[in-house]
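> Dock chains B and C against the given chain A, drawing on the hints supplied.
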Amino acid sequence: MNKDAPDALRYVRYDSARENEYVAAMRQLISKDLSEPYSIYVYRYFLYQWGDLCFLAMDKDDTMVGVVVSKLETHRGGPMRGYIAMLAVREEYRGRGIATELVRMAIDAMIARNADEIVLETEITNTAAMKLYERLGFLRSKRLHRYYLNGNSAYRLVLYLKEGVGSIRTQYDLYGTPHGGSANPSGTGTPLFQENGGDLI
Amino acid sequence: MDTDDNQAIQYLEGLLGRAFRVHTTDSRMFVGIFKCTDAERNIILSSTYEYRFPSPSAVQAAASASQETWDEETVKPPSSSVKVHMTSRLIGLVVIPGRHITKIEVE
Amino acid sequence: MLPNNEVRVPQPRVAQPAWDITAEFTEAAAKIKSGKLVKDELFTLFEAVGALEIMDSKMDSGYIAPGENQAQALEDDYDVRRELTPAEVVGLMDELLCHEMAWHMGHPLSQTLFTSIYLDKLLWPVPRTVEDAQFDRTRPATDLPLVNLVLRSYCLALVKACDFVHSRVAAEYFFEEEDFVTQLYNRNLLSVFDPSHFERLLDQAIDWINKEAEMDEKLRDAIRSRLVFRREFLLALDRDLDVLESRSTVNFVSCLSQLELLTDSVALGKSVPEAFSLKIQRKLASTVPPRPIVHISHEDALAHLKRLCQDAIDMQHMLDYHGPSNFKTAVWTLLSRKPQPSVYIRCLLQALIISDMTILGAVSVKQFLYDDIAELVLPSSILLQANTDEVELPTDPRFQIAQHMEGFVKRFAQPFVDTVRCACLNRCRIRRTLCHTVVDWDNLQMEAEDLDAQLRTLTSERPVPIPSGEPTYSYPLSSWAYHQKLIQLRLVLQMGFELSIYSPEELPGMYWYLSHICTTHLGHLDRIRTFTVAARKRDLMATSSRPDTSSQPSSAFHQSFRSLERLTTHLIAIDAFSIALHALYVLLARHQLLSPASSPQAYSSEKLRYELRMKPFIPVSLPELVPFQAFQKEANLEGDSDMTVLERASNAIAEARRAWETTLANGAFIEDPSSRTPLPSTTIEEDWKRDVKDTMRACIGTSLAIETIKKALAGPTEMATLEVAIPDAGSKARWHDWWVVPQVSEKKRN
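Chains as they are written, first to last, in my numbering: chain A, 1 to 201; chain B, 1 to 107; chain C, 1 to 750.
Be a bit skeptical, because a hint or two may be false.
As the list claims (entries may be wrong) - Once the Cα atoms are required to be at most 30 Å apart in a straight line, the calculated DSS-like pairs of lysine-lysine come out as: (1) C:Lys279 to B:Lys103; (2) A:Lys71 to C:Lys615; (3) C:Lys747 to A:Lys131; (4) C:Lys33 to B:Lys103; (5) A:Lys131 to C:Lys633; (6) A:Lys162 to C:Lys607; (7) C:Lys58 to A:Lys32; (8) C:Lys33 to A:Lys71; (9) C:Lys279 to A:Lys32; (10) A:Lys131 to A:Lys162; (11) C:Lys633 to A:Lys162; (12) A:Lys162 to A:Lys32.
Because the hints were derived from the structure by calculation, they are not lab data.
Chain A on its own, in the form it takes in the complex (with noise of 0.2 Å):
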């Protein structure tokens, strides 16, 4: 793996018996990088559903160095969807392969798990961000227009995982019409689980 890393990194997989511990680090560590804030039920969203599918970096003293949160899950009675939440890695740490590494983690349980695609979003400003995603075989599948509290746009990365996903009917697409003005199912304007226009995932 990283033969050169100078401290040992440990990757180990989100243990819900350490829950306290480990979600006030995950907090820290993913608030210092996203613009958008989430509260504690956000990280229980996924911990608690999707547990298995949360990865972490820990350096020699087991402090917590880099995280990724997902979930996975059928996608309007289609495909089985995984979908690439949170990706944070502390800022000294970087450039070490760590995202990389941690992204790849969670895309190979979600393919233990029978996945059919995985989506994230990712603002077109983060260069770093979409060539890591791009490297793994990610496609830009739309661009967002404004879809971020601070105005940025961002792009749709979508990775398919099996043959004929493009083909899987999904149930209407209710948000995805020309029809105007929508929905905000959530309320905050966080846009976590939607696209801009509520489209959820």
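Coordinates of chains B and C only, in the frame set by chain A:
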């Protein structure tokens, strides 16, 4: 799960859907419908209004110009016999972290 | 959903009794097992994600940091009664204008105008009368006309202008939340008051300032121009729909002229930053996290406003209906301006394009639909003339045709108008909408096919031999529907270039696919032409036997042939350019000059990525998605030598340049042959020409790149010594968003 725990859960479940007033360390009060809690009392309220006790200067100003306070809520806090004007605003769905809660009331 | 998603929940009854349950609750909660929750069955964890966390500075808009004085945290020390210098008034007006434009650009009021303490005082509590709306309602106004007349009238007119913009945007069917935040935070933009109140106040303020002989002349002029601008802007917005009747954009024109003066005097202003405060967010009814004040520069604000006024003025050039293709070209061209017209303009345009099932307030939707069909496939046909009013005998075929056609109009008019209206969306939405509508049109085409089959028995249509096959029927309505769909498929691909969604390694394949769609479309136009020619022959034979021939059908045929010719030329131009770029990119890819985004360790194969990329095309039955193997062969030009590919690129780009020249010469609009006066030259036409010329520049750039490759392949320089840069969309080197022309150059030797 022992019966004691069971009873505790049942008690909490019985409160779901009731109107709560949750007071916080910064002396605000949140009035909303109780939807969810965890062991740490991270309480979720929906359709929540935030109530804030007015600052002393505002109280003074309100007293001197005692007319025209429409659009503000006139409330009488349970522990007080003095009428104060609290400003309120709708803030929707909120989580109030247990560590910031000073008092929980049910209507 | 209601465009304005303000939550209006009745105020809770706080006066009700309540019981302290802190101890019981805490004790009970402590017994919840880790990883478990007590929650309302109907309340999902997914919903919980939307909850804002109180006491978190990033989420709680009412949060006051420890150590922050409670009183100071909520109330600003700023004294709205204080005297202001003329320079400060100019500074405040300009700062407010910046905030107004930031709101127009899509930022919420809570981060822009609603950070102004002056506006807050005017608007809260909600004033019941205009007189109520004072900076300080508790005490009688001070005798400071500069503040209480000039600044106040400016502020009130500004808020009323926002009210007009707000209701225009909110009223439109086609608006997207991401473009514009309609949230008012339980405040009101003076919507109940007639604008005349504010116009009167502005007039008073202008009168006052004119009499201020003492004031520095430059400052006086600066304030006056700002007040006049306010009045004109308010009038312009108030009467924005009247333009259909009046054809007058006089108010927007005077806005523009005031903006000149305004721009020149920005430097005179003295900013008053303390008159704006984020603390107001703590008092707004807000279900969103706190966010910082948005600062945009005077330059950006004025540029946005100028464009808004200019777009509004230019809009009148498309209000006269000169046939369907001219109308569609004008709408698309105006809305494709860079930067894209503002949300307000796009919403106004939507309202003008269609309201009450009428196009531009003049043409019925049915007429627009029929005109388009006539122009493309049925220049002179009983189908478009049949009328149940004239023929009332149900057994008469004409009656039945009319009935069928009525059903057709009901089904197709809306989707057809939507293809035009779609341009009013933001660019990202346009592409996504096209991905959806293309599937709808696939179904519409099939329905039209059934209808065609029924209609041809009623019209006793006789089949026509087509060059490459058996005699066949014309299928006019489905042919027309297929044409719409092919346009949409092409736009899906072209807007993909514009939105930069393709990775470098996809470029050869995407240009190949674009040319494939164009070729298919050209074949379809040929088929249509065959039937129109046959119809014209029949028509001539019929009329030659009748002496009383009218020239109407002849002119209709003429127009149709000309329209087909124009469409063909334009498609050839796109097709040839795509072929050239495709071939060029094949060469770059073969010689490892394109650095791919995906690594060899990627999880997806090329085949999977192709499937994902072509997903919008998969559900479309015609044209069928090209299978991956065939696509790969074509996209890589397998089996063709470098020299063959190079020749292909050279020939195609030469053809493209010719075809774009012809397209430019054909012009943006079709002149009406029956009208003696040529269409007036307009700014929209200029935009269209600029677009074609930019495309031609991109062609030249492509020629240069091909030449460089040719030299490298032939001679002393080698391919390995070349380097390739792909200019970003929007950058100067890009020439045109739809044409990704690589910059090929020799590597600099160090």
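> So, for every hint listed, does it hold in this structure?
We went through each hint and held it up to the structure:
no. : hint                 : in the structure
1   : C:Lys279 to B:Lys103 : holds, 26 Å
2   : A:Lys71 to C:Lys615  : holds, 23 Å
3   : C:Lys747 to A:Lys131 : holds, 24 Å
4   : C:Lys33 to B:Lys103  : holds, 22 Å
5   : A:Lys131 to C:Lys633 : holds, 28 Å
6   : A:Lys162 to C:Lys607 : holds, 10 Å
7   : C:Lys58 to A:Lys32   : holds, 11 Å
8   : C:Lys33 to A:Lys71   : holds, 23 Å
9   : C:Lys279 to A:Lys32  : holds, 24 Å
10  : A:Lys131 to A:Lys162 : holds, 22 Å
11  : C:Lys633 to A:Lys162 : holds, 22 Å
12  : A:Lys162 to A:Lys32  : violated, 35 Å
The structure does not agree with numbered hint 12 stated previously, though it agrees with all others.
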